[in-house]
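Enquirer: Chains as they are written, first to last, in the numbering used here: chain A, 1 to 468; chain B, 1 to 254.
In short, the hints are calculated from the structure, not lab data.
Note that this is a predicted model, so its numbers are computed, not measured.
Just to be clear, a hint being listed does not mean it is correct.
Straight line, CA to CA, 30 Å or less: simulated BS3-like cross-link-like pairs of lysine-lysine [what the hints assert, rightly or not]: (1) A:445 <-> B:151; (2) A:210 <-> A:55; (3) A:445 <-> B:122; (4) A:174 <-> A:238; (5) B:81 <-> A:464; (6) B:122 <-> A:116; (7) B:7 <-> B:122; (8) B:195 <-> B:122; (9) B:163 <-> B:123; (10) A:210 <-> A:89; (11) B:163 <-> B:7; (12) A:116 <-> A:174; (13) A:409 <-> B:151; (14) B:123 <-> A:445; (15) A:116 <-> A:89; (16) A:238 <-> A:66; (17) A:409 <-> A:196; (18) A:196 <-> A:116.
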Amino acid sequence: MAEKTYVEDIDRSMYDFRFEEKDAWRIDAGLSPEIVEQISEEKNDPDWMRDFRLKSLEIYNSIPMKDWGPSIEGLDMEHIATYVRPNAKMADNWDAVPDDIKETFERLGIPEAERKSLAGVGAQYDSELVYHNVQDFAVKQGVVYTDIESALHGEYGEMIRDHFMKLVPPSDHKFAALHGAVWSGGSFVYVPDGVKLDIPLQSYFRLNAKGAGQFEHTLIILGKGSSLHFIEGCSAPKYNVANLHAGCVELFVGANASLRYSTIENWSKNMYNLNTKRALVEEGGRIEWVSGSFGSHVSYLYPMSVLHGRGARSEFTGVTFAGAGQNLDTGCKVVHAAPDTSSYVNTRSISKGGGISTFRSAVVVQEKAKNSRSSVSCESLMLDSESRSDTIPAMDIRTRQADIGHEAKIGRISDDAVFYLMSRGLPEDEARALIVSGFADNVGKELPLEYAVEMNNLIRLEMKGTVG
Amino acid sequence: MGEELLKIRELDVRAEENQILHGVSLTIGRGETHVLMGPNGAGKSTLGNVLMGNPQYRVTGGSIEFAGRDLLSQNVDERAKAGLFLSFQNPVEVPGVSLSNFIRSALEMRSGERIRMWEFRKKIHESLEVLNMDSSYADRDLNVGFSGGEKKKAEILQLLMLKPVFAILDETDSGLDVDAVRTVSRGVEEYQKDKKGTLLIITHSTRILEALHVDAVHVLVEGRIVENGDAGLISEINENGFERFLTQKAAEEG
Chain A
1 MAEKTYVEDI DRSMYDFRFE EKDAWRIDAG LSPEIVEQIS EEKNDPDWMR
51 DFRLKSLEIY NSIPMKDWGP SIEGLDMEHI ATYVRPNAKM ADNWDAVPDD
101 IKETFERLGI PEAERKSLAG VGAQYDSELV YHNVQDFAVK QGVVYTDIES
151 ALHGEYGEMI RDHFMKLVPP SDHKFAALHG AVWSGGSFVY VPDGVKLDIP
201 LQSYFRLNAK GAGQFEHTLI ILGKGSSLHF IEGCSAPKYN VANLHAGCVE
251 LFVGANASLR YSTIENWSKN MYNLNTKRAL VEEGGRIEWV SGSFGSHVSY
301 LYPMSVLHGR GARSEFTGVT FAGAGQNLDT GCKVVHAAPD TSSYVNTRSI
351 SKGGGISTFR SAVVVQEKAK NSRSSVSCES LMLDSESRSD TIPAMDIRTR
401 QADIGHEAKI GRISDDAVFY LMSRGLPEDE ARALIVSGFA DNVGKELPLE
451 YAVEMNNLIR LEMKGTVG
Chain B
1 MGEELLKIRE LDVRAEENQI LHGVSLTIGR GETHVLMGPN GAGKSTLGNV
51 LMGNPQYRVT GGSIEFAGRD LLSQNVDERA KAGLFLSFQN PVEVPGVSLS
101 NFIRSALEMR SGERIRMWEF RKKIHESLEV LNMDSSYADR DLNVGFSGGE
151 KKKAEILQLL MLKPVFAILD ETDSGLDVDA VRTVSRGVEE YQKDKKGTLL
201 IITHSTRILE ALHVDAVHVL VEGRIVENGD AGLISEINEN GFERFLTQKA
251 AEEG
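Construct the complete structure from the given sequences, taking the supplied hints into account.
Expert: Here is the structure:
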């Protein structure tokens, strides 16, 4: 716990550095059947996948742009390169990763974290994975953790075909369709029945290329009674042109299985983050989302849990920090589709320097979901009078036999609290940062220590210079 | 009197539209324990808060010197670093920040050095013991869900850990039962003796003072110091209350 609150030497360059683009190949900007076919060829897709991509593109072209939420006018698909292949082959050994890419991940602390506390690591640079490795003990238990492309051609090809974009179909929304057409990279994880992995797997996504999109697909399938903690991290250097992230996460949680999915997202502030995450939870299973959203210019992010089997549970713990120039629209959705299911949502949002933070939630309790329980609690902290915070909770309850609670609080940092902390010797900016870190501790205490430290770093970074 | 540590001269203080302190003068020597007494609403807590630099109050006249330096030009955190400490009457709750992390952060901010974890744990557990506090308090969120008595004890715990040069105790004994007063008093005694601390104890009762050595007593009524004396004043007030000072003041004004 030593470093939980105070970490010295925060260095902005930790995320903002960038290397010259030496990508081996970059597809032309824009979207057309030719471009999609080119990506498909580049990736040596099976036929069904190539058809799937083209069909998704058709759907993309037929769905109108959404008419709600933060503006994405600055995003022009004609100028986004949807595929950028780094100049590297995937390696299972950091030494085989090209120096500049390796240095990127070293600065982000990934290899070190792997040595210390992870069962497996995947690292994606632009559109492709450049590193993937799983510890032997996990492999011996039958755990599969690989990139989707190779899995498509191997023994799990059928399993992927049965699950790929079944939970988030391309018709779900325009950016899901886009994802279906141009997806690249990401991870496939399979944990066999009864296997409990005690230490986490992690994927890290880095978008280095300018004016590009990242469309990784994460597919996780948990067998009956298994358990897993999966961590994803994302960052990018800042450019003055728009970048796009439209990833897709599909989680299949088997009966009595337990999955924790943790994310610390710190995209640069020129990023449009239009990400879709969804979990299907079978009888007695459990999904826990832990989510820290700090980066991006605009975010739309609402991880969704479908509680499909009796007694399935969902917990969502999130914190969103919107600073100057950021409009972060985050929250979650839960569908109670079986009896005795329960959901628990606990979020904190912070806005500062004119930032806009919107919490949006939807809880649906279907008629058959008797004896279900749901509790939603969201708290907002506005650090100045120019910032904005909105709460938009929706509930659709189709049975009387359900126990539903909702609580929302909006506040500011009290002068008394700042005076109190300063009276013990903390300068004003430290006092404010400590109060904000404490406010976000609902997420901090759910994260492994290293990630909690990183999150507090991000908060302190955001809080620097908030005092006139 | 030994070396002068705190020197307040002709202090005028306002909060919003009201003048609360009128020309208050007070000098405290290093290592001494002074008691500030007076009826409710006399301005005692205001004086404690002004010394610490609470921005709610405005100093409109007079001066304060602490350890030979002008105190009023210093920020709240600078005052803390110079060795000033205020035990709050109603300390605020800070969710998500544990008591021990907070104290450690404060110690690091004051010294500018990293604190060794194992040494720190040892010290905080010693101090918790002095105050009859369960060691689990160290990991609880700062003041969150603490009872009135627990909050007061947590303040004294900070006093023992931060070892300031000069501590102001603002009504630390109010709202406590007999046992809690005894415990808190033991903590204060430890600070007074072992840490050779200087104290300004603000109180309107006398219970906390029973076990403590007192060098001087000042009586504050309606924002003015109306009497200065030695420890003997305490027992007099204990018997007769503040009535004499009130009538005395009325007579002066009359």
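Enquirer: Evaluate each hint against the coordinates.
Expert: Outcome of the hint check:
In summary, the hint linking residue 445 of chain A to residue 151 of chain B is supported, as the alpha carbons are separated by about 24 Å, within the 30 Å threshold. Restraint check for residue 210 of chain A and residue 55 of chain A: satisfied, since their Cα atoms lie roughly 28 Å apart, inside the 30 Å limit. Of the supplied pair hints, the one linking residue 445 of chain A and residue 122 of chain B holds, its CA atoms being roughly 24 Å apart against a limit of 30 Å. About 26 Å separates the Cα atoms of residue 174 of chain A and residue 238 of chain A, which keeps this hinted pair within 30 Å; it holds.
Between residue 81 of chain B and residue 464 of chain A the CA atoms are separated by roughly 21 Å; this keeps the pair inside 30 Å, and the hint holds. Distance restraint check for residue 122 of chain B and residue 116 of chain A: the Cα-Cα separation of roughly 28 Å lies within the 30 Å cut-off, and the hinted pair is therefore satisfied. A C-alpha spacing of about 36 Å is found between residue 7 of chain B and residue 122 of chain B, which places the hinted pair above 30 Å, so the restraint is violated. Distance restraint check for residue 195 of chain B and residue 122 of chain B: the Cα-Cα separation of roughly 17 Å lies within the 30 Å cut-off, and the hinted pair is therefore satisfied.
In summary, the hint linking residue 163 of chain B to residue 123 of chain B is supported, as the alpha carbons are separated by about 12 Å, within the 30 Å threshold. Between residue 210 of chain A and residue 89 of chain A the alpha-carbon distance is near 21 Å, which keeps this suggested pair within the 30 Å criterion. For the suggested pair residue 163 of chain B and residue 7 of chain B, the alpha carbons sit about 21 Å apart, so the restraint of at most 30 Å is met. For the given pair, residue 116 of chain A sits about 40 Å from residue 174 of chain A by alpha-carbon distance, which is inconsistent with the 30 Å threshold.
Restraint check: the Cα-Cα separation between residue 409 of chain A and residue 151 of chain B comes to about 25 Å, which is no more than 30 Å; the hinted pair holds. Distance hint between residue 123 of chain B and residue 445 of chain A is fulfilled; the C-alpha atoms sit about 25 Å from each other, no more than 30 Å. Between residue 116 of chain A and residue 89 of chain A, the direct Cα distance comes to roughly 25 Å. Compliance with the 30 Å bound is thereby established for this hinted pair. This hinted pair checks out: residue 238 of chain A and residue 66 of chain A have alpha carbons roughly 26 Å apart, not beyond 30 Å.
Between residue 409 of chain A and residue 196 of chain A the CA atoms are separated by roughly 38 Å; this puts the pair beyond 30 Å, and the hint is violated. The suggested pairing of residue 196 of chain A with residue 116 of chain A holds, with an alpha-carbon distance near 19 Å, which does not exceed 30 Å.
Checked against the numbered hints given earlier, this structure breaks hints 7, 12 and 17; the rest are met.
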